[in-house]
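2 protein chains.
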Amino acid sequence: MTIELINTGSELLLGRVLNTHQQWLCRRLSDLGYAVQRQVMVPDTATDIQQAVREALGRADLVIVTGGLGPTSDDITRDLIAQLLGKKLHLDPAVLAVIQQFFADRKRPMPANNEVQAMVPEGATVLPNPFGTAPGLAIPVDPNPYRAGAGGSWLIMLPGPPRELRPMFEAAVKPLVLREFPLESAFACRTLRTSGVGESALQERVAPPLAALVAAGLEVGYCARVGQVDVRLIARGPTAAGVVGQAEAVVQRLLGEFVYGYDDDGMAGVIVQLLTARKMTLALAESCTGGGIANQITNVSGASAVFPGGFVTYSNEFKQASLGVRAETLAAHGAVSEAVAREMAEGARARLGTDFAIAVTGIAGPTGGTPGKPVGTVFMALAGAFGTEVQHKLNAYEREAFKQVTTQQALEMLRRRLVG
Amino acid sequence: MTIELINTGSELLLGRVLNTHQQWLCRRLSDLGYAVQRQVMVPDTATDIQQAVREALGRADLVIVTGGLGPTSDDITRDLIAQLLGKKLHLDPAVLAVIQQFFADRKRPMPANNEVQAMVPEGATVLPNPFGTAPGLAIPVDPNPYRAGAGGSWLIMLPGPPRELRPMFEAAVKPLVLREFPLESAFACRTLRTSGVGESALQERVAPPLAALVAAGLEVGYCARVGQVDVRLIARGPTAAGVVGQAEAVVQRLLGEFVYGYDDDGMAGVIVQLLTARKMTLALAESCTGGGIANQITNVSGASAVFPGGFVTYSNEFKQASLGVRAETLAAHGAVSEAVAREMAEGARARLGTDFAIAVTGIAGPTGGTPGKPVGTVFMALAGAFGTEVQHKLNAYEREAFKQVTTQQALEMLRRRLVG
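Protein sequence lines correspond, in order, to chains A and B.
Reminder that position 378 of the first sequence reads as 378 in the numbering used here, one-by-one numbering, no gaps.
Residues are numbered in the numbering used here as their position in the second sequence, beginning at 1, plus a constant of 420.
Since the hints were derived computationally from the structure, they do not count as laboratory data.
Please note that the accuracy of each hint is not assured.
DSBU-like, lysine-lysine: derived pairs with alpha carbons at most 35 Å apart [said to hold, decoys possible]:
(1) B:Lys508 x B:Lys527
(2) A:Lys393 x B:Lys699
(3) B:Lys527 x A:Lys373
On a predicted model such as this, the values are computed, not experimentally measured, just so you know.
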């Protein structure tokens, strides 16, 4: 079963927009046990789109194409693919009625150019779009003229906006894929997410004891990310789950203390789970991360049960007024110091009455560094019933990466305390 | 001049990691006047990598390959490309010395498997990596066996971690590209970023008056994003700048009030600029965005001049204690209400003594909705010397998109006030 993904959009190749479909679709398909073999991105030009679709149909059982189904003049995917496959387009009255209703519900007149979104290639299945005007389309390409002798393929077109594509995948694409391409062999994939150990050091520890399982078909991947390294374990065939389970046990035995989560877990989600299970609460006092930790925590549904709130204290005056940081401490040590981090965390914990408080103060850059405290310097404090712990790090990354790495490290401090 | 980009990494095709290189490299190249024609992503397997490189060399003058230069067993790109091009690898003592120094500086022993990163294909130029251990490699493929009669090509390999790839591009790849591929014709690209107008309505307004310029070679693209729509204007050739300038004037005349920024501008950057120019300050009181607005503002270097701080007030108790929201207001209207948004904004402005304060309170979902206040309901307040303005929106998106759209709208309220 071969799957290829084609993302269309000149704005993508001009780097104006981040392609989030690729990760999302690959992830959902791999969760279902399917692997995407190749992803290609081409601009909104007829030659490029048709060439990419032809090549993909020459190799793949399923080709998924995203983008170009909108109402504007650069949305040409539908027409080009119908042309390539020799399928006529017709105006589908049911689809048109849905689009008209979409605008009626929003009390807006329907622009004339939205009508093109009701054009459907012959033989195509319409995939409803409850969150927008462009329906998806699934076309059986059988026989597949670009892959003689290999049986038919499917071609699925999905709209570009993620909030339309994602629900459509779940409601319409997933059932179609499971029905048309039943899994022939078992597939197991487990990702262990680690914090606090480097990629090389990690492989040196786990690779030798995993060698026997690798010989038996285990695939091991390592991936260094912002403030963390993922270890990915994959196996196929009837023993897949057992092989991956054994491999996971090996990694846990050697590196368990560094493993903060699995698969899709983010650090913030792990923290919210751990606090929820313990009926404990967290407050935040952020200077250099500027709300980044709070933003991560509140991306987790259910965060309100453990997170009553926090402070973003950029100015020294506000550190004093809101958290009770003392003027003498600021004068003696500077805002970026162990002493100020400690007073911030203790102040936030006292004011919010939480079990824990995290505080961070540092120099995100690119300006503001000094020889003694270069850009990237950060002090992170964790206050709790146990007392207050402060860590000092040098995270010499650009501004946003600095905030992300610091967020990860600050939450890891709390995680170690919660599981320790 | 044809450029293709190949991203290698099984973790990418499994959807475990977001491919940020694609956008970043395409963006930087297009800023320099070069367009990437195609991007392909393949897993870390020998057949896939070699096939993708062969195909790209068959079409392109420049092929950029990312990933697979790390020290672990799945980092095989260097070996595979050297093999494909028939180039021997040798251990480069200068590169090895740099890697040894990298570990010495960090007071860590060098793992033996990092030595592979000092292997260099014959004829390759080494691109130094000041932020990691894997150097980049630039290989002249001349003659190019996969593209007979078309002259030579270049193949550049870059390391996977963004904090290594990006500085390497600026320091080593950009000068090489400018030297080897001098621009033959002018190129102009301008993106106007709008907030508050839909994609179809926008095209209906601007497409007819732009028709003459399109006939003269202007390319117009529309791209709907979270809470905004971009209009992209591109032209090539000696009149490029003039054509794009005329087109921009048309869009400004028709839609100027919706245009919040240009090209790379983000809304938060625009707000920081506007406040800085006016020597004015902003405070925040965030409930449902949970620090998302503060995080956006503090991603902007220089934010500290206009943003002394803010509150993330998830619980009602903390809304009262920190912002002075009254218990009677909460009891009478509920936390998600115009009255509470108003008291939050006014409280934050009074406590921080700022010119403006933004407050948001809403239901991010997926739970917590009621028939009267469904998931997506949000009240946004802007307090200033002018008084307090409150807007009520229904942002029926999933949790993170809800936070992003709400952030965009809340900052747009302030932008309109600042430029109005």
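What's the verdict on lysine 527 (chain B) and lysine 373 (chain A), does the C-alpha distance respect the 35 Å limit or exceed it?
Roughly 20 Å separates the two Cα atoms, so the pair holds.
So if I understand the rule, the pair passes when the alpha-carbon distance is 35 Å or less; does lysine 508 (chain B) with lysine 527 (chain B) pass?
With Cα atoms ~33 Å apart, lysine 508 (chain B) and lysine 527 (chain B) stay inside 35 Å; holds.
Restraint check for lysine 393 (chain A) with lysine 699 (chain B), where alpha carbons must lie at most 35 Å apart
OK: lysine 393 (chain A) and lysine 699 (chain B) at ~34 Å, within 35 Å.
Figure legend: structure checked against the earlier numbered hints; every hint is met.
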